[in-house]
Every structure is written in structure tokens, then in C-alpha cells.
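*Asks:* Protein chains in written order, with the working numbering: chain A, 1 to 640; chain B, 1 to 475; chain C, 1 to 105; chain D, 1 to 505.
Hints may be right or wrong, so weigh each one.
Once the Cα atoms are required to be at most 25 Å apart in a straight line, the calculated BS3-like pairs of lysine-lysine come out as [said to hold, decoys possible]:
| no. | chain 1 | residue 1 | chain 2 | residue 2 |
| --- | --- | --- | --- | --- |
| 1 | B | LYS363 | B | LYS348 |
| 2 | A | LYS571 | D | LYS453 |
| 3 | A | LYS170 | D | LYS453 |
Hint data in this document are derived by calculation from the structure and do not stem from the laboratory.
For clarity, every value in this text was computed on a predicted model and none was experimentally measured.
This is what each chain is made of:
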Amino acid sequence: MVDYTYTLLIPLIPFLLFIFIGLTGHKMKPIVSGLIGTSGLAIAAILSYITAIRYFWTDHIGVIGYKSIKAFEITWLHLTDKLTINIGALIDPISVMMLIVITTVSLMVHIYSIGYMKGERGYHRFFAFLSLFSFSMLGLVLATNIFQMYIFWELVGVSSFLLIGFYYEKPSAVAASKKAFIVTRFADLGFLIGILILSFNTGTFDFQLLTSPTGPAITMPGGAAFMGMSVLTWSLIFIFMGGAGKSAMFPLHVWLPDAMEGPTPVSALIHAATMVVAGVYLVARLFPVYALGAPDALTVVAWVGGISSLFAAIIACTQTDIKRVLAYSTMSQIGYMMLALGVSGYGGHDGLGFMAGNFHLFTHAMFKALLFLGAGAIIHAVHSNDMKDMGGLRKYLPITHATFLIACITIAGIPPLSGFWSKDEIMVAAWHHNKILFSIEYLVAGLTAFYMFRLYFSIFWGKATHYHHTPHEAPYVMTIPLMILAFGAVFAGFLPFHALVTSDGMPFESHLDWSIAIPSVLIALLGIGGATAMYMKANGLPDKLAGVFGNGYKWAYHKFYMDEVYLFVTKKIIFRFISQPVAWFDRHIVDGFMNLVARTVDNTSNLIKGFQSGRLQQYGYVFVSGAIALVLIFVYLWNF
Amino acid sequence: MSIYDFLTMRHELILTALVLLVLIIDLNLKQSQKHRIIPIAIGLFFIHTVVGFLPAQTGVLFGGMYHTDGLTILMKNILNVGVLIILFQSTTWLNKEENGEKISEFFILLLSTLVGMNFMISSGDFLMLYLGLELATIPMAALAAYTHHQTRSAEAGIKLILSSALSSGILLFGLSLIYGSTGSIYFDTVGALYSNTPMQVLAFIFFFTGMAFKISLVPFHLWTADVYEGSPVNVTSYFSVISKGASAFILIMVMYTVFHSIAYLWKDIVYLIAVMTMTIGNLFALRQKNMKRFLAFSSIAQAGFIMLGIIGGNKIGMTATVYFVLVYIFSNLGAFGVISAISAKTGKESMDDYDGLYATNPKLSLLMTLSVFSLAGIPPVAGFFGKFFLFTSAASGGYYWLVFIAVLNATISLYYYLLVVKAMFINKNDEPIAFFNSDTMTKIGLFACALGIFVIGFWSQVYEFIDAVTFAIVN
Amino acid sequence: MTGSIPIQYFLIISTLMFFIGIYGFLTRKNLITMLMSIELILNSVNINFVTFNKYLYPQNLQGHFFTLIIIAIAAAEAAVAIAIIINIYRNFRSIDVDNVDQMKF
Amino acid sequence: MNILSLFILIPLLTIIAIMFTSNMKQTRIVSAVGMGIQLILAGILVYLYLSERNAGNMDAMLFYYDAVWFPTLNIHYTIGVDGISVAMIALTSIVVFAGIFASWMVDFLYREFFISLILLASGVFGFFISLDIFTMFLFYELAVIPMYLLIGLWGSGPKEYSAMKLTLMLMAGSALLFVAILGIYFYSAPAGSQLTFNLLEIAKNHIPIEMQRFLFPFAFIGFGVLGALFPFHTWSPDGHASAPTAVSMLHAGVLMKLGGYGVFRVAIYLMPEAAHEQAWIFLILTGISVVYGAFGAVVQKDLKYINAYSSVSHCGLVLFAILMMNQTAMNGAVIQMISHGLMTALFFALIGMIYGRTHTRLINEMGGLMKVMPFLGVVYVIAGLASLGLPGLSGFVAEMTIFVGSFQHTDTFHRVLTIVAASSIVITAVYILRVVGTLLFGPIKNDHFLHLKDAMWFERLSTLTLLIAIAAIGMAPLWLSNMINFSLGPIVEKINGVATVAGLF
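Chain A on its own, in the form it takes in the complex (with noise of 0.2 Å):
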């Protein structure tokens, strides 16, 4: 056993410089506090490759495949005989592999935004967010159990939030905010009731013991329990609606594109890399579960993803904010994730589709990331998100211009850059699973090669616009992490991921299968010709086409009135038709009851004051028919 104890040291520095900055930021200089921010990041993520090289590699010599090592682990809190609350740090492959994407992206993301957030208030403010995020990040994905994972769920929603709500004095950056938690937070009540479920039945929330293929969770008894499905499908069902809302799958989407009111740095960390992707790792971490106790839940992820990268690939071809449209890519992409693993089966070849989805979530974070900060530099030179504003930039801007096509290719799917691979080894586990999957993947990868060309092509080509500043080049403290991150986006594709990060640990041979990437490839090239026809030089193309589809350009155009149906549903029947007649029933019902009382005994007291006459004949009157009275009782009418 290879001590990792210092892991723990990865999410902690964040932490603390949390701490630090949150405390005294305000009392330094902004850019101190982001040179601190930045510098600690940076020592995580270097421990961070240092953990991955001695696991994947240096300790790892002469041994077949990777096992799951507790690096340490200490109780937090005893729930009952046999659950306890452990925090800890769990190293396998897929926690490696996301310590290396996380750390890789914020810092990144931390030495962009030194220039980004040049002259913001709240400077620091927003290096101590950016910490907290990292560390709820990293405690996330090296959770050893369950609820710890919980734990750290909860906690990047509320960094996404803080940060989603960076710019409080922008109402519509509030408002998302708060879209943001409440959506993720109904998805987490799934969630922790999977948890629920899944704890009791199995008697522990670890990791180790709940993926054991021997363990408690996928030996259990299976039978129907609900709706002809299996406890452990309902709770693995109810843990992946946790998993869908933060990673905003249909129809939990809804909070992601108006996240992008955050900083731009910040939907590149968060909302592009790293935090979204947490459902596919939740997934992925829970995937022998998934996998071998109950395929029913892994065919529901399947379809999930499938109809959700669907869904917002189309959404995407008609937005027109730059964010948004990489919002909706993102998810698209994380369902393709989804997706992969929805596919795929448990062990060896059979787990292609749990390879290809984290190798997806890898080569996407990269290019990804590198999609939004390019778009960061295009909004800082121009001060807007609209890419009808836009056009002509490459005279402008040659370094974000170069990092942005080279992102557009890769995410297209054009080998040999990362995002092909990845997608590739997705549509083979596809292919074998179900067809129709497969083919919506198909249509997927048309769509997607044509929405970001239509975007690139928007942006740089077309038009030319005039602006009031020129626009210029962004600082190299933001170009550094663009080509730093091109660079990636590259060469990431050709990590030997079936060699490292497999479903059961042991590595596996797969080869490119020309028969589905030549297809895929030319499908995407459809694509950018179809986005060069229409969007790069200016023509009336695009206008036509959206007459010719009509109502359904117009449906995507509204994102499929989802918003609309959630606010339906939040103003008028959660504030309408429950909260306001609660509101209501409270204050005139129980509480006019309890007036009621109080208003009875006073009336009482007004009726029989005329008992007290005054008159001393009265008064007689009514003690001498006292005693008759109690004569009458108790002599005649009492049985005794």
C-alpha cells in the first residue's frame, strides 16, 4: 500500500486560502489576493499530477490494473449502528482523473481571471469564491462515500451560486443565482433520498464496499419493490436525479444557461468543466451499482443523456449569446456522457462506454474550458455576449481567434484532435447498445459542428461590424491559459484511457472502429460546411432556413418553453396555489381560530352580564333558584 495521506493536503489548500482571503481579503491589495489564490491552486494542482503520476505510473509497476485506495479517512459524524458520516480522500482512477481536471481548469481559470477581473469590486471576494469552489470540487471527487459526496455536492451548489451571483446588483445575475440553487437543490432531494434508501437497504454509504461486486448494494435482493422496479433501481434512479440536476440534464437543465450571468472565468470553471460534470461522476462512481444491480436505472441515464444532448443541440443552433450557446453545448456534451455510460456494460471491452464517457468529461473539460475563456476574452474586448454584436474579430484578437477554432474543431470531432477520440469510442459503445441512440448521436455530432461553427464564424468571420473601442487583444495573462488549454484540447486525445480509467480497474484494448468514425466525421464536416455556407459571409441563408422550419425554429428559439413551464409551475402553483392559500389559511383559519376563541369568551362575558343586574330582588331570585336548582339535581334527577 502507497501512502497518499497528503491527497489531503489537495482540497485543503483550497480551503484555507478560502478562509484566508474571505477574512483579510479586504484589507489587501485585489491582485495579492489573486496572486495568493492562483499560487495555491497552482501547489494543488501540482500535488494533484504528482498523486497521478505515482498512481497511474511510478507505484504502479508490475501490477495489472488500478485498485481504489483509501488514502485516509476519519469519522465525521455516527448516524446509527452501522452508517457513519466518514470524510476522507478515496484515490482510483476516476478520481485521479478528475483531480487533474478540476485542478488543471481552476488553475487555469485562476490565472485568467488575474486579468479577467481586473478592476471588479469584490476582487477578492471572488479568489476566496474560487477557492471555496475548488475545495468543494476536490472534496467532492475524492469522496470516499457517499454522503461525503453529498456533503460537497451541496457545497459547490452553493459556490456555483455565490458565484452565478457574483454581480448582486444585477437582478438578472440574482435571479439565476437563486434558479440555479432551488433547481439543483430539488434535484439534490432525489438525491439524498437515493441515499436514504440505498443506506438503509445496504447498511453503509462507502464507496469501496458499495461498488464491491460482492458488496451489500449489488448482492441485494432484487425483486420488485415499486412500480415493477427494484429498491436498488428506484434508488439509484433517485441518486441519478441528483447527478441530472447538477449536471443539467433534461429537464433539470433549466438553471444552466442563466448561470452564464456568472463571470465568464467562472462558467468555464464551473459550469463547463468541472461542477457540471459531477452527475456523470457521480454516475461513474457509483457505476458498478449501476451496472451490475440494476441496468434498468443505467438505461434511464442512457436515455436521459441521449435525449438531453439532443434536446440542447438543437436549442443551440438558434441562440444568439454567445454563453448561451455554449451553455447549451455544454450540456449536449454532458449528455453524451451520460449517454456513453448509459451504454456501457460492466468489465473489460463491455466497459467501452464507461471509458469513453470519462474520457469525454476529460477532453471536454479541456476544450470546453478553453471555449468559454476564449469567449471571456471576446467579451472583454467587445462588452457583449450577443453575437449579433459581433463579426470580423480575427483581425482583432489572433490568439483568441487561433485557441477558439482550434476548440470549435476539436469539439466537432475532427481527428485527430481530443474530442475526437473521445466522441468516437462513445458512438462505438453506442452502436453496440442501441441503435436508436446511436443515431441520435449521429445527428448530434451534425449539429453540434454546425452550431459552434455558426458561432466561430459569427463571431470572427461575417459582417464586419463597427465597435466604438477597437477591440484588442486580451492581456497574456488571459492568452497563456487559452493556448495552455488549446494545447490540451490537442493533445488529450491520444491519453491511453483504456489502459487507465476502466470500469473495473483492469485495462482493455479498443482500437479506432473506422466503420462508425468515418461516418461520424463526415457528418460533422456536413455540419461546418453548412455553418461556412450560411454564417461566414453575411447572407440572408440563415433567415430562410429558420422560415423554412417555422414553428419548431421558433420552439428551439424559446428553449422549448421550459423556462416557462418552470415558472408556471413556481408562480403559479408553488406561490399562487399553495403558498399564498397556506399564507392564508394560516393567518384567517388557525390563527382566526385561536382569535375566534378569544373573541367567543369576550362575547360570552358581554352575554351573561345581565345576570348582574344590579337588582338585589334579582340577585335573590337567582340564589334561591340556585339552591332549588341543586335540589332539583341531587335529590331527584342524580341516581343514587
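Keeping the supplied structure of chain A fixed, place chains B, C and D upon it in accordance with the hints.
*Replies:* For chains B, C and D alone, kept in the frame of chain A given last:
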């Protein structure tokens, strides 16, 4: 029977002597010096009170008509203390010009009624009981009509004398039937012979109504409010505290010793009466604005609570009743003391006049607050303990629902007690009662109440002392 | 002698007197008349006591004593009551009971 | 002298000392010092308690002291603490300490204010150390009654109405309680032997089941009224809205906990069979409380009303968890009491401070306060996050323990209710974020807010005390949970040892 045996009657004898002494001294005072009788009378009564606590002879006199034991002596002492406080509190009022000539009458009448109560407490037969009862009632009517230039006072007097005459007529009719059916008026003989024949039940009910009248239980309470309101404040406090307390003492003793054989029956009666008394008393108290009238109804409600001590029929019940009366004396005298101090200085008796009192007279307000809290049964003051023990005794008889009704009534009563607190502390007033200093005697009287309200509850010896002399229903 | 008039006669008389007294108390408006009604009640009680003593328990004298005491007390009561009634007359210029209702509710 | 008696003595001495102060400054300092000592004492108590336990002392109650008070009725002054009471005492001293500083600026009848406040506190302390039901009841009422003056005199809005309503409803609750206590007393010992009020002694005896059936509702509702049990909670919104800051803090933070504490110390502990039989009724009621309070809070406009309804919801959860009657859920209930006590006290403190500046509590009249008062804003956000159960703050620990514990029941009824109760965390998020979003974020609605100052030192001290406690429990809950668990063990054993059938379902 030697002459020394008369020492058994020490309380009554000394009191009678005191009455005569006051009369004689008053005769020898000049017109302008009449007020000097106040310190003399109070001083004498103080001595009497102190002497009352000295070890006393117990025994039976006049062939069983009169008896004393630890309990009766204790009861008399409790009453003495109460009266002493009332006397202290009434000095301001008595010193007023208008009372010039008749100050001594106040003492004579008041102490005469006290003699009557003492005889009642010590009575061993119905004749003595009746004698004491009338002695305690008739001078009271004169006291009620004390300020004879006030129509209200006269009205109070006539209402009291006529209603009490009616009630004692009915009571006497009951007594005559008891005598007719048992052939005796001695408690022990009657108690041994009593059963539930209709005539005896009827006789008991008639007797009970007479006592209920004295304690002002519903529906025999109607005189109470009017008489309380019309009488001078200190007389009212005497009515509401001493007279009521003594009657409660006697009622519980008679119920426990004489009518024990029909206890199952009178428990039902008491149940009914208690519920009505608490409820009606509270309902009326809610709407009162005159402080005296307000306390009159509150004291009716309190009488209802006392019934809970009687209904238990056990030792706790009697101890709790005596204890409660003791606590009640201090609490109610605290409240009446404040009212009398204010009334004597300003003549204001309405609750509205009390608005903003705390700002000008914080000490009086605090005493008033303590008193009403004690009356409401709020810890840590004594009223809480009194009420708790009373309800405990009822619960020990299994009367949980009755206890529940009683506690709910206590909650209602808290409402109007809080109204007083609210008036003093919270309500704003443009012309609050100005600050004033009471004379020393009044202050002593008020302070004694405050002390009693605090000490009696916490000092468990008081309860234990009472418990040592009480008894359960005879079986 | 005791055999000549049955005890019931006395008791009926006394009961009648009792209720007549009560009736009088409840209906007469003059305070003095009300006082007289009270006396009727007390006298009915006296008759009761004497009768019971005489007929049922001739061996003791408790009933007689009680009667004597009641007579005495009734006199005292009447004295005080009349004094107060005089006071009422001074204050109200009337001894009609219905006028005496200043304090109520 | 027994350390526990000091918890009553120090407030009383403080009160006496306050009487001799001559100006506002002295009064404040005396109060602060008195309650500071109390806080330190609480710390010492926790330390002593833990070291006793570590030394292997297995007694149910530590620092036990027993003195006869009323021998004939066998009323004793019996005190002693277990882990639960220690935790509650610590909570109380923290909240009271913070409350003193939150009311630093009270200038109207200041002496009386602090006296009443500390009197209230001493009632609460007395309640938590009592093992004799009589003294427990005494302290209970003692704690309730100063509320009337505190709200009526120093409150705002329809304060007289609210004060009266609160006092009367709570007293009506204690009327029910009274009956229960007397009933328990008369069945506290086998026939023929000396009756007792001592909790531990009564627990050894078995109250006949018919009596339990009769008395349990009295005891439960009696305490439940104070614990804001639906539908007896309506004193809470009005009372809290009208009460001055420190009083709201103490009331919601501590006094409402008396309800929950009493429910399991007296009602369930002494009458377990009836508790099992009737639990379903009250589970439904408390389940309603939880969700209903949360929904009620969603549309309120007044900050205090929002918090009051949220208290209904959270305190409902306490009773809910207690009724689950297993160790984990009850442990959660106790943690929830502490957590909610701290949280809600913090909320009320902040609301008071904000109100003191803006002179309005209507959220739609405010906005963007984060910019002008960042300290208060940040603390408010943290309090909000604690309230909606963010990990790392105390609310999460409590809620999770409750939900996991409640879910240990295998039957559908309990599970469905658990899920219903758990759904309140979403609604909580809705109203908390609504407040935070409207109040602190967004543009500033009123120009005059621009001149407002951030928190003063005493306000910072007050809020930080609470905040640190919240974070401490939230981050390292194990010691607290273990402390409570240890003491819950025998209680739960007693409750479930005689379990017949769990409810109707």
C-alpha cells in the same frame, strides 16, 4: 371545668377585650384626637397577633360547642395576620378628615367580625357556627355602609345585609331540617348519623348554599361585586380576603367532618359549582374597569379554585386549601393595598387611571404586578405554589378534567391580570397618577405583602407546618 | 298534649311561612317589607326547631336554644338593617329596592 | 456548591446587581459580564461533563444533586445533567450572551429590560437542569411570563396584541401540561409507595397504559404548543414579529426548544407505550408543521414573519424527529434544536440590526443592502445557508441525522412522511434565497440606505458568537453527536424496550 379552661378561648377572649378596650379608649379621646386611636388599636392588635402565635391550650369547651386544636389556632393566626396587614394598609384612608369621628367604629366593627369568624372556626356545633356566622356578617354590613354619605356605600350595605339575611334564612332552614332528622346539632353526632335520605340531602344543600354565599360561589355570588365596589377599599379587602378565607376554612372543616358520609354526593355538587364559579367569575372579571369590582370577580374565580382543594377530600386537599388561603391573603392584600394607597391619595379606582403608573410609582406597580402574578399563579411567587397544590389535591381524587378546566380558567384569568400589568407598564397616559409617598404604616403593610408573596412559596416549612395539623376526610 | 296536634301541621305551617317569606323577599319593593319577609323565614325556622325539639327529641333542649339565639340575632340584624335603610333613605330619598341599583354588570 | 446551581444563581445575582446600577452603561456592562460568566461556566460544564464521561462515569445524570423541598408531596430540588441538557445549556448561554449584545442599544427602561431578559434566561437554565417535574414546570412558566413584558414594552407593531396572544397561548399550553404532570405524579410509583416528581424515579415505574393514553396528548400538546406544533403555532409569527431583537432571539432560539426538550424528557420518556400508539397522529401534525411552515414562509413579506414561519418548520422537524423514537432521529432532533436555536437567534439578531437601520422589515422595500452593510449581509447569507442546510454549518448535520434516522423505520407511513419532511429543504431554499436575493442583492431601492453604517462592534460580537458556534457544530459535529448519543442510549432503550406495535400502519 376550671377557670383556666377558658384560656382555650384565648383568641376570642383577647379580641373581645380588645374591642371593648378600643371602645373605652375612644370614649376618652377628644373630638380632635380621634385619630390617635389608629396607632393604639393597631398596636393592640399587633400584640394580639403575636400572642396568637404563642403555644396555646387545645381542647373542648361547653360540652363540645367549642373546640380548639392546632388547625383552628393556625387558621385564626392566619386570619390575624391578614387583618393586621389590612389595618396597616388602611391607616392612610382612616386618617382622612371625613372619617374623623368614626375611626374607632372601623376597628370595633372589624374586630367584632373577626371574633365571629374565630368562633365559627372553633365551633363544634351548628349553634356556635350560626352564632359566629351572624357575628361575622352583621357588623360587616355596617362596615360596608361605613362611608354613609356615599350612596354606593349605603347600597353596598343594604345589599349585603339583605342578601346575607336571606342566605342565612335558607341556611337556618337547612339546619332545622338537620336537627329534625338527626336530633342533634353537634358536629360529631350529626356526622355519625348523616346519610343520603332526601331530606338530609336537601338540608345539606340548604346549608351549603348559605356557606356558598359567604365564599361567593356561583350562583350565590351576585352580591359580591356590588358590595365590594361600594364599600371602602379596605373593607373590601377585608371582605375578599378575611371573610372569604374564614368561610373557606369553615366550609372545608364542616364538609370533611360533618358531611363526610355523603362526600360522594357533595363532591358532585362541588364539581358543578366549582366549574361554574371559575368560569362565570372569569367571564365577568374580563370586562371590569373598576379595580375593586375587577378584584371582586377575580376573587369569585379564586373561590372556584378553592373548591378544587375541597373536592379532593384528602389531606393534601385541606392543606392546600389552607395554604392557598394564606397565599391568597397575601396576594390579594398586595393588590388591595396598592388600590387602597392610590384610592386614599387620589380617589382613583378605575383601571384606566392606572395607565402609566410604572413611570411615576414603580414600587407600587411592582407590588401590584407581583400580586396579580401571584393571583394568576405564575412562578416564582407564592400563588403558583398555592394553585399547584390545590390542583394536585383535585387530581389526587382523579378529577383531571376538572383540573384541566381550572387551569384553562387560570389562563383566562391571566388575561385580565395581564390587563392590569399592561395598564401600568405599557399603556401611555397623559396624566398619570403623580408620584406620592405613603405613610410608614401603609408601607409596612405593603412590604409585608411583598415579602409574603415571595417567601411563602419558596419556604416549604410553611406548607409542612400546615400539613402537620390538617386532616383528611373522615371515613 | 303533644298528641293533640300532629307534627305535620307545624311543619306544613313552617314550610309555608318559609316560602311566603322568600316570596315576599323576592317581590316586595319596600325594603322594610323585605326585612319583614326575612323575619318570616327566620320564624319558620324557629317553628321548625321548636317543633322538632318538642315532638322528636324532647330529651334535650338544643332546638329551643337555637330558637332563642335566632330570635336574638334576628333582632340585631333588623337593627343594623334598619339603620342602613335609614341611610339609604337619606341618600336615595326612597326605600324602594328597585332604586338601589347603581352598581351593576 | 453544585456547578449546576450556579446556572440559576448567576442570573439571579446579575439581576440583583442590575438593580443597583445607575446608568445605561453600567447596566449593559453588568449584564454582559454576568452572562459572559455564564457562558464561561457553560464551557466549563461541557469540559467537566466530557472529562467525567471520559473517566468512565456511566451515571445517567452527572452533577446530581438532590434536596428535599416539600417533604409531604415529595417535591425535591433535583438537578443533574446528561449530554442533552449540557448541550442545551451551552446553547442557552451562547444565545443569551449574544442577546445581551444584540440589545446593547436598548435605552428605554433599560434596567427592566435586562432584568426581564435575564430572568427569562434563568427560567430556561432552571428548566434544563431540573430533574424534578415540579421544578421543571416552575421554571418553564417562569421562562414564559417575562415574555409578556418584554414584548409588550419593548416590542414593535401590534405588540400588545401579540404579547397577550403569545402569553395566553403558551399558558394554555402549560394548562395541558399541568394536567399531564399531575397525572404522571399520581402514577409515579407503585401503589402504596411514596409518589415522586423525580424523572428518573418515575421512569423506573410503569404508568398504566390507560392513563398513558389519557395523559400523553396533554403532555405532548402542552409542550408542543411551545414547540410550535401545528395548529397551535400561531402565537409564533405574531409574537416574533412584535418582539424586540433579543427577545426574538431568546424565544425562538431557546424557549421554543423547551417544547422539544420537554416532549422527549417528559412525554415520551415517561409514557412510551402511549407515545408509540399515538405517534402517528402527531407525526402527521408535525409533518404538516414542517412543510406548512416552509410554504407559509415563502410568501411572507416581513422578515420576521419569514423567520417565524421558518421556525415553525424547523421546530416541527424537531418534534417530528423525536416522534420517530429511534436513537438517530432523536439525536438529530437534539442537534436540530441546538442548530436551529443558534441559527434563528442569529437571524433575529440580524433582522433586528437591519431593522434598526432601515426602519422597515418589509423585504420589498429593501434591496442591495449587501453593498452598504457588507458585514451584516455576509452574516445574513451565512445564516441563510445554515438554515437551508448547507454542509459545514450546523443545520445540515441536524437535518441529515434526522432524515437518516427517520428513514430507519421500515414501514411506508414513516418513510413517506420522512420524504415529505425532507422535501421541506427545497422549499426552505426557495424562501431563504428569495429573502437574500431581494434584501441583500439587487440594486439599492432607497437612496437613504446609502448612508447606513455597517455593524458596530457589539453587533459584530453578538453575531460572530453565534456564527462561530454554528460553524463549529457544522464542521466538527462528532463530539456533540457522541455526547448526545451517549445520553440518548438509555432513554431510547426505555422508550423502545416496551414498544408494542409501532403506530397504526
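*Asks:* Quick one, are LYS170 of chain A and LYS453 of chain D close enough, alpha carbons at most 25 Å?
*Replies:* holds (22 Å)
*Asks:* Verify the proposed pairing of LYS363 of chain B with LYS348 of chain B, using a straight-line Cα cut of 25 Å.
*Replies:* holds (18 Å)
*Asks:* Within a Cα-Cα threshold of 25 Å, do LYS571 of chain A and LYS453 of chain D meet the stated pairing?
*Replies:* violated (35 Å)
When each numbered hint is compared with the structure, a violation occurs for hint 2 only.
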